[in-house]
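Student: Heads up: the sequence lines are chains A and B, in that order.
Positions 1 to 334 (our numbering) are the ones given, in order, by the first sequence.
Positions 1001 to 1334 (our numbering) are the ones given, in order, by the second sequence.
Be a bit skeptical, because a hint or two may be false.
Taking lysine-lysine and the DSS-like style, the derived pairs with C-alpha atoms no more than 30 angstroms apart in a straight line are [what the hints assert, rightly or not]:
| no. | chain 1 | residue 1 | chain 2 | residue 2 |
| --- | --- | --- | --- | --- |
| 1 | B | K1129 | A | K6 |
| 2 | A | K129 | A | K76 |
| 3 | B | K1192 | A | K192 |
| 4 | A | K202 | B | K1006 |
| 5 | A | K6 | B | K1192 |
Rather than coming from a laboratory, the hints here were simulated on the basis of the structure.
Here the structure is a predicted model, which is why all the values come from computation and not from measurement.
There are 2 protein chains.
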Amino acid sequence: MSELRKDPVVDRWVIMSEERAVRPSDFSTHAIKTSKTACPFCSGNEHYTPSEVFADRPDQSAANKPGWKLRVVPNKFPALATTPHADVRHHHFFSSHNGYGRHEVIVETPVHGVGPSDLSVSDHECILKAYRHRLLDMQRDPRLAYALLFKNHGALAGATVDHTHSQMIATPIVPFAVEEELRSARDYHADKQECVYCRLLKEETSDGTRLIGENDAFVAIQAFASRFPCETWILPKRHTSHFELHPENEMSLLAGLMKETFQRLHRALDDPPFNTVIHSAPLRDRSHDTCYHWHIEILPKLTQVAGYEWGSGVFINPLLPEQAAQSLRQVTLS
Amino acid sequence: MSELRKDPVVDRWVIMSEERAVRPSDFSTHAIKTSKTACPFCSGNEHYTPSEVFADRPDQSAANKPGWKLRVVPNKFPALATTPHADVRHHHFFSSHNGYGRHEVIVETPVHGVGPSDLSVSDHECILKAYRHRLLDMQRDPRLAYALLFKNHGALAGATVDHTHSQMIATPIVPFAVEEELRSARDYHADKQECVYCRLLKEETSDGTRLIGENDAFVAIQAFASRFPCETWILPKRHTSHFELHPENEMSLLAGLMKETFQRLHRALDDPPFNTVIHSAPLRDRSHDTCYHWHIEILPKLTQVAGYEWGSGVFINPLLPEQAAQSLRQVTLS
């Protein structure tokens, strides 16, 4: 069984993941993980994964057989366990939660060896539709408060399987980083009667120095206070709190801008490791509708996060976002 | 000139470090940094560094010459610039600060190739006294609000020079992670009329399952909600808010427990990369004296921080701290 533990001082949770349990002697810093077996995410290897919970099968092929364009399966080594209750346990001083939740893998393509910059706009649209489907499904479980969609690309960004995929972790708690964004957006709205992200969009599109892409419905920028070199945010122009509530007919425009942005990063930085995170309001919670605005963050991992960052929460970035934007705009797209 | 920028939404600062400026094409993910020149921190190579600001020279040798046991120098590639003003600039919407500050390197030994577990108790005492000296010196600059002492050990923990050293970054702002700890400690004290760290010490010493070392003045534990496998905290038994105000005569006991703890980690985890951070109250600020309690965190880097952690602030740890403590207690010390 997994366990969620809260730090006794600050509002920080940790998932103690027994499914992935190790002993100290299992860690070998110098070893590089290599794939020893057949890829569990390739077409034809469906039996290596748990049964699919969603798939895009244009040819109406049978579940857990080849023929799919995209496949969602429970993670074989989930961070959280699908045990029935989500009780908070308070010891005298320490608090923990039993580690109920969902951990799924979105296999983005049956083809091995292609990355997000290689996938077609239609592939990206298919991925975005899968994200929407999984979020709408998580909404139906009243024990879950939040579902986070993310992608780890490259070993240095935490990917343990090469074959391109995203993940979803759904928890009975709203994570701290999300709470903090919601609180800040709510405070800004109370003060200025305006959504902080709508204001950010106005500033960035009129200034233009950090803009790297734009279409009728979405904008891609370099973040003003980028923690990482080439930290990229993609925001919808339409104010919407939840990714899964965004009008479906705009998803093809998002897919187009995603593909373009991944190409820019791939070409300017030579296929960098990166993390992508969907920032969206909590499941079923409509109290943030006027002040929160979902968006996507793409975080390239070209610098080490070290003692200063861990101790302070302040990041050191050697590349000005305005310079990054200039380089990224100059990339020739295909 | 460096610049401190605040995220337009959350209370997160970033140091844009022009002294370390790069272009996107300078990043090469696959390259491993190797030392091409003589080590700037070795005895005899003092001319490679800026002039020392502090040194332990038992033989009364001349500054910037061999003969030292420990040496503190300004960082040759500082994250922050020593420009005169510390003004906050508000653009219409974005806030920044000019990047005034101090960035120093504490060269912990003249000998190349030894690590913190090899250094003697007397070496560790000498390092702790240098920390104290630098913090007391930073207190004299009214433009500085906080000074953070940290250590990166191993390339995977962000060390770019092999020769064992710590660093200090002093800023005109109190970093967010520090503010958050102070706020949480203050809230706990207001609620329970007790220091949360004093309470933690009582719980951990009476329970004992996470305890890995103890002497008359200090305790070493595995953190209850460890973000990282073998995350270790060292706390003074005596309630003190500031590291630099802790009674000097207890530093030899701290040095002894530091050496012992580094040995346990080194032996159980085969010389792991790690970060060490001193958590202490802001410079000159005595308003936290009753509720804050300085301590040291040692964070081994054996797992990748990936998309889920960046998006949620929730960490996934595959090793229970109680199991880690058991293994670390079993290490034979020399």
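Student: Run the distance test for K1129 (chain B) versus K6 (chain A): straight-line Cα separation, threshold 30 angstroms.
Tutor: violated (34 angstroms)
Student: Could you grab the alpha-carbon distance between K129 (chain A) and K76 (chain A) and see if it respects the 30 angstroms cut-off?
Tutor: holds (23 angstroms)
Student: Quick one, are K202 (chain A) and K1006 (chain B) close enough, alpha carbons at most 30 angstroms?
Tutor: Between K202 (chain A) and K1006 (chain B) the Cα gap is close to 18 angstroms, so the pair holds against 30 angstroms.
Student: Has the given pair, K1192 (chain B) with K192 (chain A), been kept, meaning a C-alpha gap of at most 30 angstroms?
Tutor: Violated, at about 36 angstroms.
Student: Against the 30 angstroms threshold, does the CA-CA distance of K6 (chain A) and K1192 (chain B) hold or violate the hint?
Tutor: Holds - the C-alpha atoms of K1192 (chain B) and K6 (chain A) are around 18 angstroms apart, at most 30 angstroms.
When held up to the earlier numbered hints, the structure conflicts with 1, 3 and fits the remainder.
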